[in-house]
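K.L.:
One-letter residues, chain by chain:
There are 2 protein chains.
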Amino acid sequence: MLGNFTYCNPTRLYFGEDALENLGAELAKYGKNVLLVYGGGSIKKSGLYGQVTAILADCGKEVCEVPGVMPNPTVDKLYEGCRTARENRVDFILAVGGGSVCDYAKAVSVSAWCEEDPWDKYFLRMEDVDNRIIPVGCVLTMAGTGSEMNGGSVITNHASRLKIGHVFGDNVFPKFSILNPKLTYTLPKYQMAAGIYDIFNHITEQYFSGTDDNTSDYLAEGLMKSLIHSSRIAVQNPQDYEARSNIMWTAAWALNTLIAQGKRTDWMVHMIGQSVGAYTDATHGMTLSAVSMAYYRALLPHGLDKFRRFAVNVWGVDPAGGPAVEVAAEGLKRMEAWMRELGLVMNLRELGVTEDMLEGIADGVFPMDGGYKALSREEIVQLLRESL
Amino acid sequence: MLGNFTYCNPTRLYFGEDALENLGAELAKYGKNVLLVYGGGSIKKSGLYGQVTAILADCGKEVCEVPGVMPNPTVDKLYEGCRTARENRVDFILAVGGGSVCDYAKAVSVSAWCEEDPWDKYFLRMEDVDNRIIPVGCVLTMAGTGSEMNGGSVITNHASRLKIGHVFGDNVFPKFSILNPKLTYTLPKYQMAAGIYDIFNHITEQYFSGTDDNTSDYLAEGLMKSLIHSSRIAVQNPQDYEARSNIMWTAAWALNTLIAQGKRTDWMVHMIGQSVGAYTDATHGMTLSAVSMAYYRALLPHGLDKFRRFAVNVWGVDPAGGPAVEVAAEGLKRMEAWMRELGLVMNLRELGVTEDMLEGIADGVFPMDGGYKALSREEIVQLLRESL
Numbered sequence: 002m003l004g005n006f007t008y009c010n011p012t013r014l015y016f017g018e019d020a021l022e023n024l025g026a027e028l029a030k031y032g033k034n035v036l037l038v039y040g041g042g043s044i045k046k047s048g049l050y051g052q053v054t055a056i057l058a059d060c061g062k063e064v065c066e067v068p069g070v071m072p073n074p075t076v077d078k079l080y081e082g083c084r085t086a087r088e089n090r091v092d093f094i095l096a097v098g099g100g101s102v103c104d105y106a107k108a109v110s111v112s113a114w115c116e117e118d119p120w121d122k123y124f125l126r127m128e129d130v131d132n133r134i135i136p137v138g139c140v141l142t143m144a145g146t147g148s149e150m151n152g153g154s155v156i157t158n159h160a161s162r163l164k165i166g167h168v169f170g171d172n173v174f175p176k177f178s179i180l181n182p183k184l185t186y187t188l189p190k191y192q193m194a195a196g197i198y199d200i201f202n203h204i205t206e207q208y209f210s211g212t213d214d215n216t217s218d219y220l221a222e223g224l225m226k227s228l229i230h231s232s233r234i235a236v237q238n239p240q241d242y243e244a245r246s247n248i249m250w251t252a253a254w255a256l257n258t259l260i261a262q263g264k265r266t267d268w269m270v271h272m273i274g275q276s277v278g279a280y281t282d283a284t285h286g287m288t289l290s291a292v293s294m295a296y297y298r299a300l301l302p303h304g305l306d307k308f309r310r311f312a313v314n315v316w317g318v319d320p321a322g323g324p325a326v327e328v329a330a331e332g333l334k335r336m337e338a339w340m341r342e343l344g345l346v347m348n349l350r351e352l353g354v355t356e357d358m359l360e361g362i363a364d365g366v367f368p369m370d371g372g373y374k375a376l377s378r379e380e381i382v383q384l385l386r387e388s389l
Numbered sequence: 002m003l004g005n006f007t008y009c010n011p012t013r014l015y016f017g018e019d020a021l022e023n024l025g026a027e028l029a030k031y032g033k034n035v036l037l038v039y040g041g042g043s044i045k046k047s048g049l050y051g052q053v054t055a056i057l058a059d060c061g062k063e064v065c066e067v068p069g070v071m072p073n074p075t076v077d078k079l080y081e082g083c084r085t086a087r088e089n090r091v092d093f094i095l096a097v098g099g100g101s102v103c104d105y106a107k108a109v110s111v112s113a114w115c116e117e118d119p120w121d122k123y124f125l126r127m128e129d130v131d132n133r134i135i136p137v138g139c140v141l142t143m144a145g146t147g148s149e150m151n152g153g154s155v156i157t158n159h160a161s162r163l164k165i166g167h168v169f170g171d172n173v174f175p176k177f178s179i180l181n182p183k184l185t186y187t188l189p190k191y192q193m194a195a196g197i198y199d200i201f202n203h204i205t206e207q208y209f210s211g212t213d214d215n216t217s218d219y220l221a222e223g224l225m226k227s228l229i230h231s232s233r234i235a236v237q238n239p240q241d242y243e244a245r246s247n248i249m250w251t252a253a254w255a256l257n258t259l260i261a262q263g264k265r266t267d268w269m270v271h272m273i274g275q276s277v278g279a280y281t282d283a284t285h286g287m288t289l290s291a292v293s294m295a296y297y298r299a300l301l302p303h304g305l306d307k308f309r310r311f312a313v314n315v316w317g318v319d320p321a322g323g324p325a326v327e328v329a330a331e332g333l334k335r336m337e338a339w340m341r342e343l344g345l346v347m348n349l350r351e352l353g354v355t356e357d358m359l360e361g362i363a364d365g366v367f368p369m370d371g372g373y374k375a376l377s378r379e380e381i382v383q384l385l386r387e388s389l
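Chains as they are written, first to last, in my numbering: chain C, 2 to 389; chain D, 2 to 389.
Take the hints with a grain of salt, since some may be wrong.
Treat identical chains as interchangeable: a pair holds within one or across any two.
What the hints assert, rightly or not - Once the Cα atoms are required to be at most 30 Å apart in a straight line, the calculated DSSO-like pairs of lysine-lysine come out as:
#	residue 1	residue 2
1	Lys33	Lys45
2	Lys46	Lys374
3	Lys30	Lys334
4	Lys176	Lys33
5	Lys33	Lys334
6	Lys176	Lys30
7	Lys190	Lys46
8	Lys46	Lys122
9	Lys374	Lys30
10	Lys122	Lys190
11	Lys334	Lys374
12	Lys183	Lys30
13	Lys45	Lys30
14	Lys176	Lys46
What the hints contain is simulated information worked out from the structure, not anything from laboratory work.
Please build the complete structure, drawing on both the sequences and the hints.
P.N.:
And the structure:
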């Protein structure tokens, strides 16, 4: 059944080769003091840093910076951003980078004026925001997380070996995001593939749940088909504008709340992948791909109808080709073949996981119960072992 | 190619059986003077009028009313609404009804403070809004037009026999819309079927254009499949909550700008249907169904690849079942069978059109060139004749 829900996504997206031209007009809506956050040196190498700072100067902004936002932003980095934002009385945070930089900007946005430790309040205790929120805008350089159009923010605490995501409300969504597919061209293939699988897994996390067939699931199938089609072109030719642009557009819709409306969702692959990330600091998308096949094969008997539908509607398996369980299994086989075609990491060992870590990783997994089967700790350890 | 675009849809949707509970909190955001607009007596019969006016009273609002908004709102009715809005210094317009009432509310919203004739400025000349806009909210009682989540407004001028839609920007979108699928239960089957076909045609108008296969087209296919599935259940059992709720949800996404992003669109069926409407005052969805088959059969050779894809992806036609033109034609055949199953009007005569009207109807058609073939006036007359 399509349950009750509220839908609102106020983020304004500027999409296309010339999207950056809109940055000035958007910045003009906010105060003078801007915090610019970004990752490593790639935006300086590409020239994007120079373009953005020139626009900021043209707009008469006072700019302070937090560079060096890492792929899995840490809680210590969050504290640094909060200090910088407070000391400079920041009116607006501009994130230039991939999903981690956007996630980080949102974390600073809600944490800068939080009166207690934001890690405790917003990540461990998952409370609602009741303090001042600094508005955020994004210039995106990588497609994957969907952070450009949602309230999600994932922060890693290496001391406690926890990687936790909080999905904030629409008052925390970026006010605008600038999506130029060409900015993703310079990304190494490994990162591009990881981003593609992150998108795909966002969709399956929301798709593999519920027995109903509401509109969300049909939209999810459309997004998956588009992504599979475009990803096959992009791995052959990363500079194919149409493929990269459709991947970028799909990423936003895969995780901007639309396809979760009115239905249950799963998110167990993300919970397991995030715990792997907390231990290894591995690329997020690859932590998901490494555990996915073991997870979905284990889940299949508990959600047979949906896995059969997935095989037929997404992978074009002939529905008359055999009993439901065979049709469904053929779908997962085709999914695995596509993952290998993308060059995804298909086992945990390649990410630096060793046998002695498995119990600890399992301890860091937040259990979810929206999918077809709630896993016990023992089942998670077993799944990790199969994924080694 | 996924072209450049800006996407923003700020409308907040409250969906579900209890959605009306959110009306008070939304109204509290706006000023004291509320203009309540609605259609005939159905909302009084159903009790909805009483519920809404009780909430308005609880919120301490001063309410003025424009009842009697007709299915194809006229320009004279628009003038009446503008006078009422100005005289009562209205701060907010609340539309309670179907798409026509929502369309009407938006027309009053932009026209009340327009210094010249709003018909000339906003409908004949299609200018951008440069005057004060009165914010609008909707309580929807019928699924179809998508007016609850977009800037569209269609107004009919019987004197000049023109029915014209203006798609306004996101500053005119409803601030919120309340979508309770149960409010659509009381709709006569004829109106329900007309609404369903309006939704479907919104999708095909955007789908049948362009040679690219961008994400929008995959999303469009998902929406069509969901709608076909749910509509078949709803015509058998109009009180099936899941079917009616998915139809209502699909209606919003069929025409809230998403599936048009980055691509060309057609809209010729709507242009022809609207001209039929201006002559006959027939139900909008039925004017579309009456001309659709003749139009799409004529269009097929000019957009063969897309019609073949439509057949395979939406109607499950076997792609190996024959040459492309046969596969494509089989798709249209299945679409026609589905339309007959819904009980749609499949010819113009049933809507009161006579041979002598055809030339005049053709004169009232605004020509579009985004589809697979731009039609000449003669071709439009011919198409109308085939649809008689």
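K.L.:
Against each hint, give a clear statement of whether it holds in the structure.
P.N.:
Quick rundown of the hints versus the structure:
1. Lys33 - Lys45: within (23 Å within a copy, 52 Å between copies)
2. Lys46 - Lys374: neither (47 Å within a copy, 46 Å between copies)
3. Lys30 - Lys334: neither (50 Å within a copy, 53 Å between copies)
4. Lys176 - Lys33: both (16 Å within a copy, 29 Å between copies)
5. Lys33 - Lys334: So Lys33 and Lys334 fail the 30 Å test inside a copy (54 Å) and across (61 Å) alike.
6. Lys176 - Lys30: Classified as both: same-chain Cα gap 10 Å, cross-chain 20 Å, threshold 30 Å.
7. Lys190 - Lys46: within (18 Å within a copy, 62 Å between copies)
8. Lys46 - Lys122: Result: close neither inside a copy nor across copies, 37 Å intra and 50 Å inter.
9. Lys374 - Lys30: Neither: 47 Å inside a copy, 43 Å across copies.
10. Lys122 - Lys190: Neither. Shortest intra-copy (37 Å) and inter-copy (52 Å) distances fail the 30 Å Cα cut-off.
11. Lys334 - Lys374: within (21 Å within a copy, 42 Å between copies)
12. Lys183 - Lys30: Within. Shortest intra-copy distance 26 Å satisfies the 30 Å Cα cut-off; inter-copy 41 Å does not.
13. Lys45 - Lys30: within (26 Å within a copy, 44 Å between copies)
14. Lys176 - Lys46: within (27 Å within a copy, 43 Å between copies)
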